[in-house]
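One line per chain: the protein sequences are B and P, in this order. Numbering-wise, the first sequence is residues 1 to 352 according to the working numbering. Numbering-wise, the second sequence is residues 1 to 352 according to the working numbering.
None of these hints come from the bench; they were simulated from the model. Fair warning: there could be bad hints in the mix.
As the list makes no split between identical chains, a pair holds if one copy fits it or if it spans any two.
[To be verified] Keeping only pairs whose Cα atoms sit at most 25 angstroms apart, straight-line, the calculated DSS-like set for lysine-lysine is:
1. Lys190 with Lys81
2. Lys119 with Lys190
3. Lys50 with Lys28
4. Lys200 with Lys119
5. Lys196 with Lys224
6. Lys256 with Lys280
7. Lys281 with Lys49
8. Lys280 with Lys224
9. Lys281 with Lys256
10. Lys49 with Lys324
11. Lys324 with Lys28
12. Lys280 with Lys137
13. Lys119 with Lys28
14. Lys97 with Lys137
2 protein chains.
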Amino acid sequence: MTIKISIDCMGGDHGPSVTIPAVISFLKQHADAELVLVGLEDVLRAELKKHHAEAHPRLSIVHASEQVTMDDPLEVALRRKKDSSMRVAIEQVKDGKTQACVSAGNTGALMAVARYVLKTMTGVDRPAICSIMPNQKGGPTYMLDLGANVDCEPHHLHQFAIMGSVMVSAMENIPRPTLGLLNVGTEDIKGNDVVKATSKLLQADHERGALNFYGNVEGNDIFKGTTDIVVCDGFVGNVTLKAVEGVARFFADTVKSEFTRNPLTMLGALIGRGALNNVKKRLSPSRYNGASLLGLRGLVFKSHGGADAYSFEWAIKRAYDAAKNDVLPHISTLISELMPRNAEVPEAPASK
Amino acid sequence: MTIKISIDCMGGDHGPSVTIPAVISFLKQHADAELVLVGLEDVLRAELKKHHAEAHPRLSIVHASEQVTMDDPLEVALRRKKDSSMRVAIEQVKDGKTQACVSAGNTGALMAVARYVLKTMTGVDRPAICSIMPNQKGGPTYMLDLGANVDCEPHHLHQFAIMGSVMVSAMENIPRPTLGLLNVGTEDIKGNDVVKATSKLLQADHERGALNFYGNVEGNDIFKGTTDIVVCDGFVGNVTLKAVEGVARFFADTVKSEFTRNPLTMLGALIGRGALNNVKKRLSPSRYNGASLLGLRGLVFKSHGGADAYSFEWAIKRAYDAAKNDVLPHISTLISELMPRNAEVPEAPASK
Numbered sequence: 001m002t003i004k005i006s007i008d009c010m011g012g013d014h015g016p017s018v019t020i021p022a023v024i025s026f027l028k029q030h031a032d033a034e035l036v037l038v039g040l041e042d043v044l045r046a047e048l049k050k051h052h053a054e055a056h057p058r059l060s061i062v063h064a065s066e067q068v069t070m071d072d073p074l075e076v077a078l079r080r081k082k083d084s085s086m087r088v089a090i091e092q093v094k095d096g097k098t099q100a101c102v103s104a105g106n107t108g109a110l111m112a113v114a115r116y117v118l119k120t121m122t123g124v125d126r127p128a129i130c131s132i133m134p135n136q137k138g139g140p141t142y143m144l145d146l147g148a149n150v151d152c153e154p155h156h157l158h159q160f161a162i163m164g165s166v167m168v169s170a171m172e173n174i175p176r177p178t179l180g181l182l183n184v185g186t187e188d189i190k191g192n193d194v195v196k197a198t199s200k201l202l203q204a205d206h207e208r209g210a211l212n213f214y215g216n217v218e219g220n221d222i223f224k225g226t227t228d229i230v231v232c233d234g235f236v237g238n239v240t241l242k243a244v245e246g247v248a249r250f251f252a253d254t255v256k257s258e259f260t261r262n263p264l265t266m267l268g269a270l271i272g273r274g275a276l277n278n279v280k281k282r283l284s285p286s287r288y289n290g291a292s293l294l295g296l297r298g299l300v301f302k303s304h305g306g307a308d309a310y311s312f313e314w315a316i317k318r319a320y321d322a323a324k325n326d327v328l329p330h331i332s333t334l335i336s337e338l339m340p341r342n343a344e345v346p347e348a349p350a351s352k
Numbered sequence: 001m002t003i004k005i006s007i008d009c010m011g012g013d014h015g016p017s018v019t020i021p022a023v024i025s026f027l028k029q030h031a032d033a034e035l036v037l038v039g040l041e042d043v044l045r046a047e048l049k050k051h052h053a054e055a056h057p058r059l060s061i062v063h064a065s066e067q068v069t070m071d072d073p074l075e076v077a078l079r080r081k082k083d084s085s086m087r088v089a090i091e092q093v094k095d096g097k098t099q100a101c102v103s104a105g106n107t108g109a110l111m112a113v114a115r116y117v118l119k120t121m122t123g124v125d126r127p128a129i130c131s132i133m134p135n136q137k138g139g140p141t142y143m144l145d146l147g148a149n150v151d152c153e154p155h156h157l158h159q160f161a162i163m164g165s166v167m168v169s170a171m172e173n174i175p176r177p178t179l180g181l182l183n184v185g186t187e188d189i190k191g192n193d194v195v196k197a198t199s200k201l202l203q204a205d206h207e208r209g210a211l212n213f214y215g216n217v218e219g220n221d222i223f224k225g226t227t228d229i230v231v232c233d234g235f236v237g238n239v240t241l242k243a244v245e246g247v248a249r250f251f252a253d254t255v256k257s258e259f260t261r262n263p264l265t266m267l268g269a270l271i272g273r274g275a276l277n278n279v280k281k282r283l284s285p286s287r288y289n290g291a292s293l294l295g296l297r298g299l300v301f302k303s304h305g306g307a308d309a310y311s312f313e314w315a316i317k318r319a320y321d322a323a324k325n326d327v328l329p330h331i332s333t334l335i336s337e338l339m340p341r342n343a344e345v346p347e348a349p350a351s352k
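Could you build all of it, start to finish, from the sequences and the hints given here?
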């Protein structure tokens, strides 16, 4: 079956100079993929021509006359730029022309436009941003919410947990992925009021076999790979994600400056370049690009604004994987199975 | 002037085998310091003997018959173990025998016992945990709260901001240190309700010249060194701190495993060992050991439980610096100056 994905080619800091090479490279690797490129037709054609890909049989162009900039307020993205590449790419999903879309546009605008165009899934109060981080077990740790919801109630975190579980299950082919609740300690008594109440909801789901709740996890567990999924509110998730990116950049810069300090260290770097390249490969955020906006009636993936072509290609790959693994119907089915049940007060089983 | 510090020698994962070598090394570096070692007298004497330091003129021992373990619940530390090395070390501060104390015991117990013995400073509702992180400018970023208060109101964050500012001012000799409020974006409209309300309080202090409020900062700003101080609630601070520690460990392990992969990479590491050692030195959490419990009527410093002697010595050094720089009277003065003013609704200046 062909997987069709629409690409907001104008989004991000670099626009077509990054998105077009990524698109071409992606198509080479995925024979069953078709991409719909959205943006200023002339600009896209010119960029494709540069790469001798104007007549690619699995590429098509949909013109959109406007662009959402990284600084545009939500209102502008939502109400004024109705023919933006971002919005048109999302509309392709809504109209069933593509199964997912990818944009490197600004997160707030993307979430707002996606919610407006696609609507929220039944049973979900608020969509969340879910991304992956590398862990020491060699796998990815899925984490949500990473910034869509800065004030959360327990039932929001509960919904994130369900969506995240289904996502991991479908994307990683893990039948019962483990779920951790981000907290300041592992003991039950730890945490703020929202987290404590959430823990009870998740524990109840665990007991009825609906979720595989591990319990509380701490910040370092994200990278240990203690659980497949880590759930938190968008404030904590966003701050943590950015702090981790900051420390990773600090680390990378320090390694670079120390290894270029003098001829001897440069020789060491030259001889050990295999090791340094592997470190870069294993830890590079580029490979973990592509956050999903979960809880919408359509698949929307967000690339880092500053992504290069290699990194943007990873975001397309995530969207492709999600479409191929039917993530959306899986979430929808399980939300509708679990959420009504969760809404009811579970009755004690009749003692005969 | 002599600086006297009491040391809980029994705390942490390793007890005297770590604390005693740290103490001896510290005294060599600081001719004006006197240390009071608290713990089981026999054990401490035996350990000192090993290091030929039994008769050190600037060392004394105060016997304490009990120890707070890393797993002891607060109640046990607080009500049952009244002769613990942790408590006796803190009592030395209370009784004016020492100017600060250091413990590697469990954080919750240390905070509870310290609050009970020393009491909270006038004008401070809740003490906070303040520590430093390295930043790309080469300086430390002070951050608080790192876990003492998981549910915070704006006036709590406001107090943390004042305490942090005074701390940095005294410790780093910066007259008007810059203060950032940890948030999910830099714009004023960003954040949850607590953060938005806190921002207004800090802005008001900034306008009247009481604090040097920079505005909102994001997770990566901690490591960029955008501001001297970063303020957040204890939930966010604790999760962020542990996530950063986790990613740093992941990074260090990855570098190690890649450079020991084969003879060539090992040669690279050998030749580039100067660079690798410098990376380790610049980023090692050991050098940033020693969190202060701010807002008490006495200086208490907390070392990581798993600290080695080198790292524990850094915690002693922080306590020494804080005592030497009169951090406590500075905080006390400024809190009493600022907090009553803050409590009043500032009147609009009469228009002539």
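Now for the hints, and whether the structure bears them out:
Proximity of Lys190 to Lys81 under the C-alpha cut-off of 25 angstroms is restricted to the inter-copy arrangement: shortest distance 23 angstroms between copies versus 46 angstroms within a copy. Taking the shortest alpha-carbon separations for Lys119 and Lys190, only the inter-copy value of 23 angstroms comes in at or below 25 angstroms, while the best intra-copy value is 36 angstroms. With identical chains, the CA atoms of Lys50 and Lys28 are at most 25 angstroms apart within one copy only, with a shortest distance of 17 angstroms there and 68 angstroms across copies. Taking CA atoms no more than 25 angstroms apart as the test, Lys200 paired with Lys119 passes in neither setting, with 29 angstroms inside one copy and 34 angstroms between copies.
For the identical chains of this complex, Lys196 and Lys224 are intra-copy neighbours only, at 23 angstroms inside a copy versus 33 angstroms across copies, given an alpha-carbon limit of 25 angstroms. Taking CA atoms no more than 25 angstroms apart as the test, Lys256 paired with Lys280 passes in both settings, with 11 angstroms inside one copy and 13 angstroms between copies. Taking identical chains as interchangeable, the C-alpha atoms of Lys281 and Lys49 are never at most 25 angstroms apart, the minima being 31 angstroms within one chain and 50 angstroms between chains. For the identical chains of this complex, Lys280 and Lys224 are neighbours both inside a copy (18 angstroms) and across copies (20 angstroms), given an alpha-carbon limit of 25 angstroms.
Proximity of Lys281 to Lys256 under the C-alpha cut-off of 25 angstroms is found in both arrangements, the shortest distances being 15 angstroms within a copy and 15 angstroms between copies. Neither within a single protomer nor between protomers do Lys49 and Lys324 lie at most 25 angstroms apart by alpha-carbon distance, with minima of 29 angstroms and 69 angstroms respectively. For the identical chains of this complex, Lys324 and Lys28 are intra-copy neighbours only, at 17 angstroms inside a copy versus 66 angstroms across copies, given an alpha-carbon limit of 25 angstroms. Proximity of Lys280 and Lys137 under a CA criterion of 25 angstroms is satisfied in both settings, with 17 angstroms inside one chain copy and 23 angstroms between copies.
For a Cα distance limit of 25 angstroms, the shortest separation of Lys119 from Lys28 qualifies neither inside one copy, at 33 angstroms, nor across copies, at 68 angstroms. Neither within a single protomer nor between protomers do Lys97 and Lys137 lie at most 25 angstroms apart by alpha-carbon distance, with minima of 38 angstroms and 50 angstroms respectively.
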